[in-house]
Amino acid sequence: MVVSTKMALDGAHAAARAMQQINPDVLAAYPITPQTAIVQTFSQYVADGEVDTEFIAVESEHAAMSACVGAAAAGGRVMTATAANGLALMWEIVYIAASMRLPIVMAVVNRALSAPLNIHCDHSDSMGAREAGWIQLYSETAQEAYDNLIQAVRIAEHPDLLLPVMVMQDGFITGHGLERMEVLEDSAVRDFIGTYKAKYSLLDIDHPITFGAWDMYDYYFEHKRQQTDAMSKAMKVIVDVGEEFGKISGRSYGIFDAYAMDDAELAIIVLSSTAGTARTSVKELRAEGVKIGLLKPRVFRPFPAQEFVDALKGVKAVAVLDRSISFGAMDGAGPLFLEVCAALFAAGLKTKVVNYIYGLGGRDIFPQHFAQVASDLQDITATGKVKSLVSYLGLRE
Amino acid sequence: MGKLTEIRWHGRAGQGVVTAGELLAGAALEEDKYFQSFPDYGPERMGAPIKAYTRISDEPIDVHYQILSPEVVVVVNPNLLGIVDVTEGLAGNGIVIVNTPEPPKKIRQVLGLKGSKVRVFTVDATAIALEMLKRNIPATLMIGAIIRATKLVELDNVVHVIREKLGAKLRGEIVEANVKALHRAYEKVQEG
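Protein sequence lines correspond, in order, to chains R and G. In terms of the numbering used here, the first sequence opens at residue 1 and continues consecutively. In terms of the numbering used here, the second sequence opens at residue 1001 and continues consecutively.
No wet-lab data here; the hints were simulated from the structure. Bear in mind the structure is a predicted one, so any value in this text is a computation, not a measurement. Any given hint could turn out to be false.
[Said to hold, decoys possible] To be clear about the criterion: a stretch of chain R counts as covered by chain G if any three or more of its residues have a C-beta under 8 angstroms from a C-beta of chain G, and this derived list gives those stretches:
hint: 1; region: 163-177
hint: 2; region: 245-256
hint: 3; region: 269-277
[Unchecked claim] So, partial list: chain G residues that the calculated Cβ filter (under 10 angstroms) puts toward chain R:
hint: 4; residue: Ala-1028
hint: 5; residue: Lys-1033
hint: 6; residue: Phe-1038
hint: 7; residue: Tyr-1186
hint: 8; residue: Val-1189
hint: 9; residue: Gln-1190
Beta carbons are placed, not taken as given, at the ideal position from N, Cα and C, and that holds for glycine.
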């Protein structure tokens, strides 16, 4: 039976609440807007004795991730949180955490990277970290941010993976947006995540081992092969954990959230909070007789290529919305678009796919933008021609 | 979709606008409704004009964008009139609630709403706050005026949330002063 409490929480407090219930051994973090409320709230839990966590207030994000790596290598269950430039400053150690196969869980409250200085939402921070070897889950709401964080612990620590997980939510829109959500009982979360016993631990002095050793051209390549193999196994684990989570919460999770896709001829693909607005627009367009659907990927790393191919079979035209730019990529496209194109091409599908860059630096996106996207897709199916591969929504030209 | 009400708040940073939105959301939760409450953050500094938004609905709310066409506008700081276009996008039969010692008729004139179907309400929440709370924090008292004008949630549910939320961090007599001030604001609302 599902027992939960309805609460009014914003995404940052929802994440802090999940962390409190997870009760990690170590949390090392440095505050940065709009993630600050997570660290601030969690440190209050520490001060009030509501968690057993060793909270390490560090001098920078580089130090935060370094402390996480040390604590995780010592066998601890370890978490942190950051955003934007904080994630950028962690960079070196983010890559090392994954490469050392340390199951660290990090909450990321998506924010634009400087310059110019901007505290509002886009996905340039986590998308910049997409090749670092972390599993990436994106959340639409505070509820999903909370649910994904709890599941992330199980995913990261799965013996087939031992990979770190980042859980994203949109800065301010979700992070500072108060909404109705359900919080599970502490005991339900505790039972779901179980206890963590690291396979290898620096502190296990009876079985001394080396972490982060010197690795020449004799073995480095093999280690990277093992790492990428582990990532390939992650999708099944993510799906299994998502189903199991449904049993304790009533909310099952998969790779996508698909809406009205069954007979869709047109499709919109978009991550995180914008998917909510898109869903409402798709509902209205359906009422007008437009055969359009929505795919909201929850998992970006590993990239669900085969699942995209299956979901988009039969669709005539697809719009992929990106909240970041891959500078210098084909036509300045965004990373989600490029991955979708690669997946469809490799599968031999000739679906027309176009890209829209939107929402950089927190620029808002409204229903009329989705109406415009739908109209463009209808033009493409009518004429068979793509006028513009990459366009911009809500931009002053 | 059930009845959705969209509210835009105008205030100055530090006046409790975000807290007011939270309390209203808390009351909606008591009534098993759905809600969103979110500020529009710029460079944060005390006294800067700020906007915040609240949505309340009987059904889950999917959309995530700023409210451009509110049914209700709440002006927490009267000196924003003339500086900020507070009625921008307001529905033709919408509601404006202003914290001011002026009568509604005067505010209707200031806002250029003579002959309009927009309903105008006023309450001197600042005077009530200064007298009963000894601090210039009028935002939460505006909830009393919102309820009087819209019947959006029950006043008792706001009182319950105030006791629960403020009770966790403030002394009992301060919490009760807030409850009394909320009732006073509710009673003193004028329409015109």
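### Query
Which hint numbers doesn't this structure obey?
Going through the list in order, the structure violates hints 2, 7, 8 and 9 and respects the others.
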